[in-house]
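Those sequence lines, one after another, are chains A and B.
So for the first sequence, the working numbering puts the first residue at 1; every next one is plus one.
So for the second sequence, the working numbering puts the first residue at 1; every next one is plus one.
Honestly, the hints are just simulated from the structure, not real lab data.
Among the hints, a few may not be true.
Listed below are the simulated SDA-like cross-link pairs for lysine to any residue, each with C-alpha atoms no more than 25 Å apart in a straight line [stated by the list, open to error]: (1) A/Lys83 / A/Pro102; (2) B/Lys49 / A/Lys9; (3) B/Lys71 / A/Pro102; (4) B/Lys111 / B/Ser3; (5) A/Lys57 / B/Ser3; (6) B/Lys99 / A/Ile51; (7) A/Lys9 / B/Gln42; (8) A/Lys9 / B/Lys58; (9) B/Lys58 / A/Phe96.
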Amino acid sequence: DGGITQSPKYLFRKEGQNVTLSCEQNLNHDAMYWYRQDPGQGLRLIYYSQIVNDFQKGDIAEGYSVSREKKESFPLTVTSAQKNPTAFYLCASSPFSTLDSPLHFGNGTRLTVT
Amino acid sequence: AQSVSQHNHHVILSEAASLELGCNYSYGGTVNLFWYVQYPGQHLQLLLKYFSGDPLVKGIKGFEAEFIKSKFSFNLRKPSVQWSDTAEYFCAVKTNAGKSTFGDGTTLTVKP
C-alpha cells in the first residue's frame, strides 16, 4: 500500500537540542516537501526537493535543514536556531514538480519543544 | 512571490445549507489551483484541482470550484452540505517553480 510515512507521530525535545523528523515515501515520487502547520496560519513551506541531491529553501527555512540522499527519503532537522519550533510538521510528495501535480501528504509529526 | 487568501476562517452551517468558500490568489504567471481537505483525524487530501480548460471543475463528494481568472479567484462550492463535510479546507496555488503556497485554511462545521 503506497504512501508517505512520517515518524514519530509525537516528538518531545528540550530547548537547545536538534531533532530530526523522518519522512519516507514509496510512491516513487520525484518531488518532496516539508510544511509547517500552525493554528490559523495554514501551511508554510520550509524546504522542497525536486530531485535527489538537490533541494531549495521555502518561505520559512531559517533554523531548519534537510537532505535528499535517496529518492524515497527527505528528513528534516529542526535545529536549536529555530526560534519557535513547536508545531505540526507535514511532509508531502508529488510525482513531479510540474504544475498540475497535486501533493500527497503524510499524517504529520507534532513536535513539542520545552 | 505568490500568496493565497481565504476569506473565512470558520464557517458554521446546518445540514443541507449551501456552501461557498472564498479563495483569492496573487501571482502574475501561470498557476494551477487546488483545494485540499483535512477531515478530523485524517491526513490532508486533494479535493479538486484546476489545470486548464473548463473553469468549472468538479471534485469528490459533490464539491466544485470555479476559476475566474479576471478576479484571481477559485471559490469552492457545494449545493447541500452534510455533517460529514465537517473539516478544514485549504486553497493552494502551484507555480512553475514547483512551489505550492497554501491559504490559512477555513474550518467548516456542519451541524446535524
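Results of checking the hints against the structure:
no.	hint	result
1	A/Lys83 / A/Pro102	31 Å, violated
2	B/Lys49 / A/Lys9	29 Å, violated
3	B/Lys71 / A/Pro102	23 Å, holds
4	B/Lys111 / B/Ser3	31 Å, violated
5	A/Lys57 / B/Ser3	16 Å, holds
6	B/Lys99 / A/Ile51	14 Å, holds
7	A/Lys9 / B/Gln42	13 Å, holds
8	A/Lys9 / B/Lys58	33 Å, violated
9	B/Lys58 / A/Phe96	23 Å, holds
Hint compliance for this structure: hints 1, 2, 4 and 8 are broken, all remaining hints hold.
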